[in-house]
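The whole structure should be built from the sequences, with the hints applied where relevant.
2 protein chains.
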Amino acid sequence: MGQENGLNDKNAQNGSDKAETESGLARIEFSGSNPFQLFREWHGEAREVNLVSPDALCFSTCSKDGVPSSRHMLLRRLDDDGFVLMTDGRSRKSNEIAENPLGSLAFLWSFRKDGSIINRQVRIDGRVEDLPQSSCQEIWEREPLYCKIRANICDQGRPVDWEDHKRIHDSWYEECLRENTVPTIPDHVVYYKVIPTFMEFYLAHDNFIGDRLAFHCTDKDAKVWKMGRIAA
Amino acid sequence: MGQENGLNDKNAQNGSDKAETESGLARIEFSGSNPFQLFREWHGEAREVNLVSPDALCFSTCSKDGVPSSRHMLLRRLDDDGFVLMTDGRSRKSNEIAENPLGSLAFLWSFRKDGSIINRQVRIDGRVEDLPQSSCQEIWEREPLYCKIRANICDQGRPVDWEDHKRIHDSWYEECLRENTVPTIPDHVVYYKVIPTFMEFYLAHDNFIGDRLAFHCTDKDAKVWKMGRIAA
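As given, the protein sequences belong to chains A and B, one line each in that order.
So for the first sequence, the working numbering puts the first residue at 7; every next one is plus one.
So for the second sequence, the working numbering puts the first residue at 7; every next one is plus one.
FYI, nobody ran anything at the bench for these hints, they're computed from the structure.
Warning: the hint list may mix true and false statements.
Since the list gives no way to pick one copy over another, a pair counts as held whenever it fits inside one copy or between any two copies.
[What the hints assert, rightly or not] Below, in silico cross-link-like pairs of lysine-lysine (DSBU-like), each with a Cα-Cα straight-line distance of 30 Å or less:
1) Lys232 with Lys70
2) Lys226 with Lys70
3) Lys232 with Lys172
4) Lys172 with Lys119
Structural data, given as structure tokens:
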């Protein structure tokens, strides 16, 4: 039963041409053995179809005693062995990762194409490793100005007064313009790599029941994978 | 620092009219005290702007010993005290909920409007309660045919052979058409309500640093809330 991934049952309301009484079974075509290859294909297409946030993912962590939390983040870099994220090391998720270095990612790409509704999901579970700032320098460098200011003025999740915050922002911003500088990276910016032990791909379109491919990693470097098809 | 919610730093690549050197501070305007009201406003607008999956959310659970998992689902109904989901009671998440009835939801609505990129996120943490099937009958009834077939033929997450699965699907589908019937709800379909203890709203647009409103519940029925503004 696909309610877990049942993202396509509103198709009739959202622009699919398919009649409501139609029914079928989607099929993921993939002849490779490495799920990173399939991820790259799907991620590439999500970028091509002009989605607003093709790099957005939901990142879930939990405390050691089992309280889950989740929030959206951006994929900052895709390495051959994992998914690189950037955040504030003083945040709730960083505290959770420090005591329980496990994470779960979920990407969702929903779009219309050639009269069809397409829903693709990739789920990734794995361990979370710290990366040194120095190995992610290019990520910081391509941040736009306002993100660099934000990284410096926001203590993520801490109480803030909007007017005070605005004054601080404006002072940073004006100084950057006046001096023609950009803020440097603060120490509290941290980078993580999620190294997957499990990856799952879900495809549904129109009134077609979802198809799912699950990959379990059998080594510790995310290189050797066992694939299976599972019910939606 | 807003990397957690830093969903808008690709605006320049994705259709925002704003120059890359611009910077500002977004502001959520809300004069009420109940976060469900703000949720309804944002959810309503997400439906109006013709997003493909305005009801999609990422649902995270974890095992008792702290292994997180996440997947996208659909919001099936919004009650005054919680968020109703539907799934297969034999799934991984149902096993996790049975041993650890806590859940975390995250909605993300990213869209273009009037030359701007808007990113809104709502995060919801709370306890998960089982609902009787009988209290959710209307949810089942509005499922399209193919979803009703899916609920009957899919044992979620279990290995499946595509060709076998297709034959089973086709036989159900042909019988429905021939007999002019729809499949009834199987026993393993379960409904959950996530009753929030925490809700958080995030807004960012263009090159504006995100604003966040956090609501903490101070009673057990999701009625009394304490609101605060926090850094992105």
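Here's how the hints hold up against the structure:
1. Lys232 with Lys70: Both. Shortest intra-copy (29 Å) and inter-copy (27 Å) distances satisfy the 30 Å Cα cut-off.
2. Lys226 with Lys70: both (22 Å within a copy, 24 Å between copies)
3. Lys232 with Lys172: between (51 Å within a copy, 23 Å between copies)
4. Lys172 with Lys119: between (41 Å within a copy, 24 Å between copies)
Hint compliance for this structure: no hint is broken.
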